[in-house]
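Position 67 (the sequence shown) corresponds to 94 in the numbering used here; numbering is contiguous.
Simulated from the structure, these hints should not be mistaken for lab results. Hints may contain errors.
Computed cross-link-like contacts, DSSO-like style, restricted to lysine-lysine with a CA-CA straight-line distance of at most 27 Å [as the list claims (entries may be wrong)]: (1) K95 <-> K29; (2) K86 <-> K29; (3) K95 <-> K124; (4) K86 <-> K124; (5) K29 <-> K93.
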Amino acid sequence: MKLAHRYLLFGAGWFFSVPLLAVAVFAYSAFGGNVVLSTLVSVVWTLGLVGIFWAWASKDAVALGKSKNVARWFTAAWFVLLVVAVFPYLFVTRGLKNGLLASLQFACFLLACGIVFVGAPRLIFSIIS
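Using the sequences and the hints, build the whole thing.
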């Protein structure tokens, strides 16, 4: 399994599991409606995604012959640009042609995750109720 695939799977797992667990905990416990806890879950979820990107980018940049500083700068950009920081990183580390291909693959992955993220809760709640 490629390094990128491993981190994409890990990122997708984090992307879906934390919100689904939070929804389950908040729906079936006394924590429902607690703004502080829901904000804390959002912060942990976002920092987890940033950490996964850093873990992948630091290894990926070195494997492509770039400095780890490239990974550091683009990881820091997550706090400003969120997921959009991934696309320039792919162009900087891979060049124009391969960066475009990697960006299209990542955009398709995000689209698939979005479809599942929107559809899965509806399916789960329709089964439960």
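Structure-based check of all given hints:
no.	hint	in the structure
1	K95 <-> K29	holds, 19 Å
2	K86 <-> K29	holds, 12 Å
3	K95 <-> K124	holds, 22 Å
4	K86 <-> K124	holds, 21 Å
5	K29 <-> K93	holds, 18 Å
In summary, this structure violates none of the numbered hints.
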